[in-house]
Structure formats: structure tokens, C-alpha cells
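S.K.: In the order they appear, the protein sequences are chains A and B. For the first sequence, our numbering assigns the number 308 to the initial residue and increments by one for each residue that follows. For the second sequence, our numbering assigns the number -8 to the initial residue and increments by one for each residue that follows.
Keep in mind that the hints were calculated from the coordinates and are not lab data. Worth double-checking, as some hints may not be accurate.
[Said to hold, decoys possible] Computed spacing ranges between beta-carbons, pair by pair:
| # | chain 1 | residue 1 | chain 2 | residue 2 | range |
| --- | --- | --- | --- | --- | --- |
| 1 | B | S39 | A | A453 | 55 to 63 Å |
| 2 | A | W344 | B | L260 | 53 to 61 Å |
| 3 | B | W217 | A | Q443 | 18 to 26 Å |
Please read all numbers here as calculations on a predicted model, not as lab measurements. Note that beta-carbon positions come from the ideal geometry of N, C-alpha and C, so glycine has one too.
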Amino acid sequence: MSKTISQRRRIDVVIAALVPQALILLALLGYSLYPLWSGREIVLRTAPVDPRDLFRGQYVQLRYEINQAPMPEVGVPRVGRQVFVQLESQDGVWQAVETRYTPPPGLFLRGHITSIRTGSVGVDYGIGAWFAPPEQARALERQLRAGALARLRVADNGQAALIGVEPLPEPPPSAPPE
Amino acid sequence: MSNRETRVIRREARQWLAEGLIDETQASRILARYGASLDQPDPASTASRVLTTVAVLFVGLAMLLLVSANWDTLPRLLRFAGLFLVTGALNGVGVVRYLRHGLGALWLFLGGISFGASIMLVGQMYQLGEHFPNGVLLWMIGLLPVALVTGQRSMALLLLALTMIWTVMEGHFTPPWLAPLFLVPVWLAARRHRSGTLMGLALAGLFVWLNLLLCWLYHTDFGPRWLAGHLTFNLALLALGHALVARARARGELLAPLSPWLERLFLLLVLPLTFTSLWPSYLRDNWGWLDPGLWAAALVLLVALIVHWRSLAIWVALPALALIHGLGRPEQSLYWGLAANLLVLLVAMNWLRQGIADDDGRRFFSGLGTLLLLGLLRYLDLIGDYLGAAALFLVMAGLLYGGACYWRHRGAVAPGGGHE
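For reference, chain A alone in the conformation it holds in the complex:
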């Protein structure tokens, strides 16, 4: 009898040891879906390069104009510190206007300082990678070389999810000479 209980207990322990794996996967899925379900859509200016991630395959690495954000007016900037970058729309494309250590009013992105320069800080928002099959990633890189617009959804807490990358719109044809 005691052997059965001990065996039962052993089964419970081993199964309990595996439960965190399922919970982590489901929580990660929920975390990834949160800005897609609840966020507001915005457009940012970006430019691509094409590397490979060792675990997740080929991707187009995106560098945004807002990766260089204004230096926070108060507080000491430090590499790795969390910041909130306030955004403002200019002709339908959103630009960084202010960097703070606490959430500002209005629309903002949450990120971490990656570098410090005179008058500005480098910020990573976790939206720098667009994963695609290898051929598609290479084609996208060629297509977007002249610059691109990235479409995102931004949740209330500043968490962003990348939902699309597209080429810059063609400039309107200039008027023929008289």
C-alpha cells in the first residue's frame, strides 16, 4: 500500500515538474498576442538589413529612426535602463518627441537604453526583427533598401508588436516642364 502511495507521489512530482513548460509556453503566447488584440496601430519609418538568428532562422533586421531618441531631461541615463518614448504623428508616420523613465501621457513605446550619445540615447523596443522564410527575407531586404514603413500595434503599457513592413510610397510624379 505504502509503495503504491510512494509511486503515486513520484508520478505527481514528475508531472508537476513538467507543468511549468506548458504554463511558460501558454503565457508567452498570451504575452505575444496582447498588443495584437488590444493595441493601437501606428506606422514608423525604418530601413532593413538581413542577418540570421541561431534559433529562429532568417530575419530582416530593422533599424528605426526612433532607435535614436531624445536624451531624457531628468535622471541619469544608463545602458539597460527602461525608458518610455513618447510618440507624435507627423503626416501619418510617428516620431519620437520625448524620453522619460515613467510612462508619459498619450501614445508611447517601452524600451531599454542600448547606448548613450551627446543629446540622444539609443533605445531598443523589441521590434527590430521581421522573421521570414530565407528567400522572402532576402527579397524583402532588396525591396526595402530605399527605406520602409513598419506597421505596429502598441498596447497601453507601451509594449509593441510588429505586424507588417512595406516599402515607402512612390513620390508623386513631378509636373512636366512647360
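Use these hints to put chain B onto chain A, whose structure you have.
M.R.: For chain B alone, coordinates are given in the frame of chain A:
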């Protein structure tokens, strides 16, 4: 007694047992005299186990590459559900086999890789580019309970590899405080399986972690830094490693077989110091008595003293590091370089002597090889001018001949220690 001789005795004892010449108790008692036991695996089964584990690892890598291929024609949730179910199935088979036969380690190992692939799949599908070390940390958190409960070696190794990847990557952004938590199952698995290699790897992981913490003691607003104090700290870690292995050799503990690795580490760290060109920057750039690297080294040496106070490495490192930080000046580089050359020479002579005394060919040739390498390096890279280098060679020749005479004399006076 060398590992090879122990293996021969174990094989013989098994043979006698099979032929009925001795019973199991007698076989166990005979083997215990040589620090061996009947249930230790023979080389063939070890090779088979290692190859099987590597084969499963390759299947896991194939799984990661399949995920990397980015199957964007399939709906996201279908891809996630597929890999989630594969992870569950692999772990399920592993659990059943583990509970029934105490086996199933490789299924759980593959399940662990599949779990990691699932995390990477979510990152890929939802374009998560934020702080990549967090993905690896989630993988480690998921594996931790399984590694603790099952105590399997393959799972411990996977966890150790991930911990090292995470520690180094996270170390760029914040001090990786959590790493030792994930080294605990590795240490437990090493003890459970009496694996000196696993224990040594856990120790190496701990040393890497300590180095990164020291980087954060030196950090500025621009991030962590590697400075001259790291060399001081690693020389102290080398002395601690020596003390641990010396104690293990004296007591027949797990770390004893790591002695050859310690020799390689010694050469890796100290041989560069035999070049005088390295010393000016080391002596100029350390922060003297105020260097956190020196105080961290002092703590490490204190631990080494507690572990095995008779270890000679501690008593060499302690005054040397104090002198370097207290009195060292860049203009003394020549003397420090000379001291490092003589230290390598004495250590190599000792290896050579121990190799002969213990009939250990590997150690003998380590000593001989180091002596010849040192000679070649000094012949190519002169210390001082030609006359200075010649004087150094004569001093080293004198030491070598002195050692030879001393051992010949000891061999002659020791009982039964005659020589030809």
C-alpha cells in the same frame, strides 16, 4: 593508480566473478581498494551512451532548424499547437519510461529541446525582437524542475549550456544574478552520477559567472567592463581550482580527474605572462590596493585556504598578487616576466617529476612539453638583449640540473630507491 589501470582491474574482477572464482562481495571489496566498483559502466557502454546522447542532440538541432525554416504558409496557431503537442508527447514518453524503468532521460532531453524550439517559434511568429536572453531564461526555467526531479546527466548538460549562453548574453545588460540557481541541478547530477567532468563543468560555469559579476563591479553608465583586475582574479581562481583538485586527489573525491585540465588552464593563463610585453599594461592598468579584482581574489584565496591550506599554489599566488598590486610598476616588467618564466619552469619540472614518480606518462610529457615550449618561446622572443636571454637560459639550465641532482640524490638515499 591511473584510470586505465583501474579499468583493467574492474574488467578482471568482472571476469573472475563470471567464472565463479570470487563472489560479488569479494569482487566489490577488491575493487573498493582501488576506488572502483562493479556497477561503474564499462567503456563500451559509456561510448554507446555518449553517441546516443549526441544523436538525440542532433535530432534536437534538426528540430530547431525546422522551426527556423519559418513555415509561414501554415496558420500560426496550427504551428504552435503542433510543436506544443510534440513537446507534450516527447515528455509524456519520457515520464512513462522514467517512472517504469528509471530510464527515458533522452526522451525528456529531446522534450526539453522541443520546449525551447516552441519558445523560439512563438518569438518568430510574433516577431518578438525584445531582449533575446529572456527567451533563453524562459527555456531554462522550464527545464529546471525536470532536471532537479530526474537528476539526469543529459538534462543537466542542456541546462548548463543554456545557463552559460544566458549568463554571457544577459551579462551585457545586467548582472546575471540567477545563474547559480541553474547550476544547482548540474551539481546535484554530478554528485548523483559521481561525474567529475560534470562537476568540473559546473565549476567552470561558476567561474565564468564570477568573472561577469566582477565586470559589473567595474561598470560605468556605458555598461560592464573587463579590466586588468580580471587577470588577478583569474589567477586566484586558478589557485582555488588547484586547491580543490589537490584536496580531491588526497581524498579520492570527484574533481581528482580534472588535474590535466587544470594544467592546461595554468598554461593558458600563466604562459602569456612569460612575455614581458604583457606586463607594462597589467602593472599600469590595475588599480593597486583599491582594485576590486584584488579584493575579490583575496576572498577566493581565503576560500582556497579553507578548502586545502597546504596547496602550494595559494602560497605562491597570495604574495605575488599582493606585490603586483602593492608595489608593481610598469618599469619592473622585465623582472616580473623573468619571475613568470621561472615559475613555469618550476611547475613543469614538478609535473615531470610527478609523472615519473606516479608512472603517469601523460603528466611526464606535459612537463617535458612545457619545458621545451618555454625554451622555444624564449629563443624566439628574447627577454632583454641576446646576452640577457642567454643568461636566462643558463639560469634555467642550472635549475634543471639542480633538480636532476636533487632527485638523483633522493633516489640514492631513499630505501629501495636505487638508480642506474
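S.K.: Does the structure break any of the earlier hints, and which numbers would those be?
M.R.: 3
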